[in-house]
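Engineer: Generate coordinates for the entire structure from the input sequences, incorporating the hints supplied.
There are 2 protein chains.
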Amino acid sequence: MNEIRIGLFGFGVVGQGIYRVIRRATNAHASIERICVRNLAKPRAVEVDPSLLTDNPDSILDDPDINLVVEVVDDPEASYRFVTEAIRRGIPVVSGSKAMIARHLPELIELQRKHSTALLYDASSCGSIPVIRNLEEYYDNDLLLEVKGILNGSSNYILSRVFDHGEPYDQALTRAQQLGFAESDPSFDIEGFDSLFKLIIITVHALGVYISPERIFTYGISSISDSDIRYAREKSMKIKLVAQVVKVSADRFTMFVMPEFVTPSRYIYSVDDEYNGVVIRGECYDRQFMFGKGAGSLPTASSILSDVMARRHGYRYEYKKMDYVDRPDYTTDVPLKIYMRYPDSDFLQSIPFTRITEHYTSADYNYVIGEIPLSRLIEIRDRLSDKNVFIANFPQFFLDLDD
Amino acid sequence: MNEIRIGLFGFGVVGQGIYRVIRRATNAHASIERICVRNLAKPRAVEVDPSLLTDNPDSILDDPDINLVVEVVDDPEASYRFVTEAIRRGIPVVSGSKAMIARHLPELIELQRKHSTALLYDASSCGSIPVIRNLEEYYDNDLLLEVKGILNGSSNYILSRVFDHGEPYDQALTRAQQLGFAESDPSFDIEGFDSLFKLIIITVHALGVYISPERIFTYGISSISDSDIRYAREKSMKIKLVAQVVKVSADRFTMFVMPEFVTPSRYIYSVDDEYNGVVIRGECYDRQFMFGKGAGSLPTASSILSDVMARRHGYRYEYKKMDYVDRPDYTTDVPLKIYMRYPDSDFLQSIPFTRITEHYTSADYNYVIGEIPLSRLIEIRDRLSDKNVFIANFPQFFLDLDD
Chain E
0 MNEIRIGLFG FGVVGQGIYR VIRRATNAHA SIERICVRNL AKPRAVEVDP
50 SLLTDNPDSI LDDPDINLVV EVVDDPEASY RFVTEAIRRG IPVVSGSKAM
100 IARHLPELIE LQRKHSTALL YDASSCGSIP VIRNLEEYYD NDLLLEVKGI
150 LNGSSNYILS RVFDHGEPYD QALTRAQQLG FAESDPSFDI EGFDSLFKLI
200 IITVHALGVY ISPERIFTYG ISSISDSDIR YAREKSMKIK LVAQVVKVSA
250 DRFTMFVMPE FVTPSRYIYS VDDEYNGVVI RGECYDRQFM FGKGAGSLPT
300 ASSILSDVMA RRHGYRYEYK KMDYVDRPDY TTDVPLKIYM RYPDSDFLQS
350 IPFTRITEHY TSADYNYVIG EIPLSRLIEI RDRLSDKNVF IANFPQFFLD
400 LDD
Chain X
0 MNEIRIGLFG FGVVGQGIYR VIRRATNAHA SIERICVRNL AKPRAVEVDP
50 SLLTDNPDSI LDDPDINLVV EVVDDPEASY RFVTEAIRRG IPVVSGSKAM
100 IARHLPELIE LQRKHSTALL YDASSCGSIP VIRNLEEYYD NDLLLEVKGI
150 LNGSSNYILS RVFDHGEPYD QALTRAQQLG FAESDPSFDI EGFDSLFKLI
200 IITVHALGVY ISPERIFTYG ISSISDSDIR YAREKSMKIK LVAQVVKVSA
250 DRFTMFVMPE FVTPSRYIYS VDDEYNGVVI RGECYDRQFM FGKGAGSLPT
300 ASSILSDVMA RRHGYRYEYK KMDYVDRPDY TTDVPLKIYM RYPDSDFLQS
350 IPFTRITEHY TSADYNYVIG EIPLSRLIEI RDRLSDKNVF IANFPQFFLD
400 LDD
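Heads up: the protein sequence lines correspond to chains E and X, in order.
Here the first sequence is numbered in numbering that gives the first Met the number 0, starting from 0 and rising by one per residue.
Here the second sequence is numbered in numbering that gives the first Met the number 0, starting from 0 and rising by one per residue.
Don't read these hints as lab results, they were simulated from the structure.
As the structure is a prediction and not an experimental result, all values here were calculated from the model.
Treat the hints with care, since some could be wrong.
Covered stretches of chain E, going by a simulated chain X footprint (3 or more residues, C-beta under 8 Å) [claimed, not checked]: (1) 132-146; (2) 288-299.
If you anchor each label on the Cβ, the simulated ranges turn out as follows [stated by the list, open to error]: (3) X:233 - E:1: 52 to 62 Å; (4) E:113 - X:336: 54 to 64 Å; (5) E:167 - X:232: 48 to 58 Å.
Derived DSS-like pairs (lysine-lysine); straight-line CA-CA distance at most 30 Å [stated by the list, open to error]: (6) X:113 - X:319; (7) E:319 - X:319; (8) E:386 - E:319; (9) E:319 - E:113; (10) X:336 - X:386; (11) E:234 - X:386.
In this text, a Cβ means the ideal position worked out from N, Cα and C, and glycines have one as well.
Structural biologist: Quick look at the structure:
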C-alpha cells in the first residue's frame, strides 16, 4: 500500500477533472507530481501551481519518484507514444484514450506482459460505469452471452434532444459541443467511432477476443432525418446509437455499431441525454443493467481515480479470457432486419436485401424494411454513407442458451 | 491458478443452482467434491451422484483435498458454525447467508485476518448484481455519498403485483412463495429484515462502518392497505421497499429500511417484479444505477460462481475503508418526512411529529404527512407495527457535496 505519485499527461477537460478529484480524495494517498502539457502558455480553468507543469515528457518518464502515469491526451499518436514509453520503463499507466487503446490493444497487452507492468483503462469505456472491471473480474466465466448498450454520451445527448425535445439535429450537436460532451472532432461521436472503440475494448474483456476496427460494421447518426424520427415516434420507439457484441451460437459471436429502434420495454429506452447504459446478458443471471454518466470531466475523472486506487493494491488486468479454451470466433454471417431510408429505386436495387418485408414510397420519403446479412452491409458500407440514406436495426435475439 | 475443489453446504434451491452452474462453466476449473445436507433421504429436483452427498460436516471440513467451502444453508446458526469452522481451519469460504453475515460481520472479519483466509459473499446482497465487489474495489474512495435501492426481490414482486396488476396482497405473497422468490419465513422478506441484513453488509463495504441490526430502523410492507396504494396511485407514485445508507453531512451518515414513495423520474421506479436495483451516488460521478435479478436459484448461483472464480486468483475483501481516516459516524438524528395511515386521533397524538403538513380524515381512512426525526421513529417502532398503521417515506436529499 504505497503512496501513488502521479505524472499526468494531458490537462484538458478530463485532466483538470482528475486534478480536482485527486485533491478531494483524501484517502487515496495519491498526489499529482507533474503535468505534461503541449502548450505551457495556454490559459486553464483550474488554478495549478505552475511549477507542476512541463512540456517535456521525459521530465515525467525519467523521474524515479513517479510511480504511476495517468494519460488523458486528446491525440492518439502522442497517447500511444507516452503510454508505450512508460510501460517500457516499467511504469504502470492509467489511460482514458479509447481510440489509441482500441487500435493497439494486442500490442499493449504484449508490452504489459513483457515489462511486467500494468495498463488500466476503465475510464476509456463508459466514463464512470465500471464496465471493463466488471467484465474482467465479475463476469469472469463462460456464462456471458451479450454486452449491448449506449456507449457514447454525445450522440445520445443529440438523439435525446431531437427525440424528446423536438430540437433540430444541428442545434443539438452544437449544444453537445458547448456542454463539453462531444469530442473535439464531432464525427468521432456521431459516426459511431467512439462507440466502436469502446466496443472493441469491451469485447476483449467480455469474450477474450480482439477484433480490429476495420472489420466491424459501424454506422452513425449523422444522416438521420425528420422522416426517420417521425417513423420511430409513430411506432412509439426511439432511435438510439447502440453498440453490441453478442454470441450467435455456442462458438461464434458478432459485433457492430448501428442505430437501433428501441421500444419502451427495453432498459436502454430510458437512457437519455449524456448518460450511458450497458446491458450485460448471460446464462443464469439473465440481464444486468448498468447506468451512469458516460461523459464529462468529473465522471471520467472519478473513473480514473478508481483505477489509480486499484494500483495502490497492485491491481492489473490478467486478460484471463484470452486463455480460455473454445473462445468464440468472430462472424459477420448473421442476418439482420433493418430499416433503410433510400433516395430512389436505383439505389434500392443496388442493396442486396435477402428479403423485403415492408416497402413505403412517397414524393419525399421512401423506406424499406428487410433482411440483409451483416457481411453484405460491410461490403456496401460506402454506399450507405450517402446523406439521403439512413439505416437502423431492429433488435433480435440471436441466442438464448438458458434452459 | 489452481483447480477449485468445492465442499458445498446446503442443497436447496440455491445449492442446486450452484451445482448446475458450476458444471456448465467449463473455464471455471472448479468442481463440487462433496455436498453436505441435513437429510440424505430428501428427494431433490437435480440429479446428483449419491456418493457426493453426506450429512457429516466433517467429511468436508476434514478433507485436505477440498480448498473452498461454499455455504448456502437456510439456517443462520448452522451457517455460522460451518463458516467459522472452515475459516478456523484456513479454508476460504463463499457464502450467501446474509442474516448470519450481517449479524456476525465484525467477528468474521477478525477471523479472516487471524487465520489469513477469505470469506466472500457477493451473493448475499442483491443476487446477481455485483454490489459488494464494486463498493469494495471500484468505489474505493471518499466520493461515495449514498447507496440506496430495492434489495429484496420478494417484497418487490409482491408490491409490483399489487401496484401494476391490482392483485390482492395475500394472493401476491402466495405467488411469490410458489415462484421460490420468498424466503421460507416470509416475514423475513416483507418485514424488511432481508433488506436490512443486505444494507448492513453494503454499509461495511460502502463506508467502512458496521452497524448492528437492532440499531437500524426497519419497517416493512405487511400492513400496507388498499388506501395506501390508492393514495400513491392518485399521485402517480409507486410504493417500494427501499433500503438506504446516506451521508447527511461531511462526517455523519444514516441508514434505514422503509417503504418509500417513488416518482416515475427515479431510477428505481421501473425496478419491478423480483428484480433488484441499486443506486450508488457519489461526488463527481453523480448516480450509478445497477439493476438485475436479485433472487432465484440461477441468478444467485451465478453470483456464487463469480466469487468462486475470484478465489482462483486469490481474491479477498481487504475491508480497506475500515482503515480510512475520518470514517463517518452513524446518526439517527435526521428529520424525515413521512406519510402515516393511522386508526384514530388517540393514536395520532401518541406519535411525536415535529410538524404536520397534511391531514386527511374520513370514516375509514386517516392519514397525516409530517416531519419526524428518525430517532423518534426508532423509539416508537413497536407502536407502528399495528396493522392499522402504515408509514412510508418521502425521499429527500440529505447532502450533495458536488460543486
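Engineer: Next, verify each hint and record whether it holds.
Structural biologist: Evaluation of the provided hints:
1. 132-146: holds (count 9)
2. 288-299: holds (count 7)
3. X:233 - E:1: 52 to 62 Å: holds (59 Å)
4. E:113 - X:336: 54 to 64 Å: Between residue 113 of chain E and residue 336 of chain X, where Cβ atoms are some 60 Å apart, the hint holds.
5. E:167 - X:232: 48 to 58 Å: Because 38 Å falls outside the window, the suggested range is violated.
6. X:113 - X:319: Between residue 113 of chain X and residue 319 of chain X the Cα gap is close to 16 Å, so the pair holds against 30 Å.
7. E:319 - X:319: holds (25 Å)
8. E:386 - E:319: Cα-Cα ~43 Å, so violated.
9. E:319 - E:113: holds (16 Å)
10. X:336 - X:386: At roughly 21 Å apart (the allowed maximum being 30 Å), residue 386 of chain X and residue 336 of chain X satisfy the hint.
11. E:234 - X:386: violated (46 Å)
Hint check: violations occur at hints 5, 8 and 11; the rest are consistent with the structure.
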